[in-house]
Amino acid sequence: MNKFKVALLQTDVCDDKEKNIENAVRLIERVSKEGADIAVLPEMFCCPYNSSLFRAYGENEGGAAYTAMSKAAKDCGIYVVAGTIPELKDNKVYNTSYVFNRNGIQIAKHRKMHLFDIDIEGGQYFKESDTLTSGGDVTLFDTEFCRIGLAICYDIRFPELSRLMAAEGAEVIIYPGAFNMTTGPAHWELSFRARALDNQVYTIGVAPARDLEAMYHSYGNSIVASPWGNVLSRMDEKEGYIIQEIDLDYVKKIRNELPLLKHIRKDIYKLLKSK
Numbered sequence: 001m002n003k004f005k006v007a008l009l010q011t012d013v014c015d016d017k018e019k020n021i022e023n024a025v026r027l028i029e030r031v032s033k034e035g036a037d038i039a040v041l042p043e044m045f046c047c048p049y050n051s052s053l054f055r056a057y058g059e060n061e062g063g064a065a066y067t068a069m070s071k072a073a074k075d076c077g078i079y080v081v082a083g084t085i086p087e088l089k090d091n092k093v094y095n096t097s098y099v100f101n102r103n104g105i106q107i108a109k110h111r112k113m114h115l116f117d118i119d120i121e122g123g124q125y126f127k128e129s130d131t132l133t134s135g136g137d138v139t140l141f142d143t144e145f146c147r148i149g150l151a152i153c154y155d156i157r158f159p160e161l162s163r164l165m166a167a168e169g170a171e172v173i174i175y176p177g178a179f180n181m182t183t184g185p186a187h188w189e190l191s192f193r194a195r196a197l198d199n200q201v202y203t204i205g206v207a208p209a210r211d212l213e214a215m216y217h218s219y220g221n222s223i224v225a226s227p228w229g230n231v232l233s234r235m236d237e238k239e240g241y242i243i244q245e246i247d248l249d250y251v252k253k254i255r256n257e258l259p260l261l262k263h264i265r266k267d268i269y270k271l272l273k274s275k
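Numbering (the UniProt record's numbering), first residue to last: 1 to 275.
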């Protein structure tokens, strides 16, 4: 199959974990009925984006959010990229994205590699490393459509990671994210277009809706960029969803017409993945 549909679920996130999960399930059910093959949720879709809350809202693998997403995938017959969930493991907290297939079986898991520690004068201060532990795996998963790469938010700023995923066969890269009102207007669209263009892949970014009463103000603007670097779909700051068709023949077309991945000078430089 050369085409499939991805639903970007830009959910409101409140301080009630159960309500956040129920809202996510409701939207998964809705987009599955509208023909979506894959549903993607935002970073920390079940938890306010506040590092002081990550442990309190966290769960072991197989917890409430995990189980609900697995069940929704099975009940709706849809792939679910379950945004991210604060994962508790060995007294550590990870920012973790799980992927479930149409039967509700976990087929991938990515722990955010690069932790968001910034201090911008006159702008945003945030330090994820106060609470979170970083992951260390490059994550891809296979579907009947294509191979898909998975990373989380700040991971997109490190082009080596997306290039590794493209080199291992990714034609689409998905990033649950939550850029803020300092970094979002400056770099959100630019980052997704750049990584799409660099690697001739579709890039998909899904963020929470903006809540100005929350401590952290998400930029929203969930987005899909094409292998040519064009923006195909983009939301505003409000809760909602979009369903975007992904045409894999277009990936092949762009890679044939402008074969930059074949022009990499491996005789001069190499990008190596640690064993």
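Since the hints were made in silico from the structure, they are not lab data. Values in this document were obtained by computation on a predicted structure and should not be read as measured data. It is possible that some hints are incorrect.
[As the list claims (entries may be wrong)] Derived lysine-lysine pairs resembling DSSO-like cross-links, with alpha carbons at most 30 Å apart:
id : residue 1 : residue 2
1  : K89       : K273
2  : K266      : K252
3  : K89       : K109
4  : K266      : K33
5  : K17       : K109
6  : K5        : K109
7  : K92       : K71
8  : K5        : K253
9  : K71       : K109
10 : K238      : K252
11 : K273      : K238
12 : K74       : K273
13 : K127      : K19
14 : K92       : K5
15 : K89       : K5
16 : K3        : K92
17 : K19       : K5
18 : K33       : K3
19 : K253      : K266
20 : K92       : K270
21 : K33       : K19
The hints, checked one at a time:
no.	hint	verdict
1	K89 - K273	25 Å, holds
2	K266 - K252	22 Å, holds
3	K89 - K109	14 Å, holds
4	K266 - K33	46 Å, violated
5	K17 - K109	21 Å, holds
6	K5 - K109	21 Å, holds
7	K92 - K71	26 Å, holds
8	K5 - K253	19 Å, holds
9	K71 - K109	17 Å, holds
10	K238 - K252	34 Å, violated
11	K273 - K238	38 Å, violated
12	K74 - K273	34 Å, violated
13	K127 - K19	27 Å, holds
14	K92 - K5	35 Å, violated
15	K89 - K5	34 Å, violated
16	K3 - K92	40 Å, violated
17	K19 - K5	26 Å, holds
18	K33 - K3	17 Å, holds
19	K253 - K266	23 Å, holds
20	K92 - K270	33 Å, violated
21	K33 - K19	22 Å, holds
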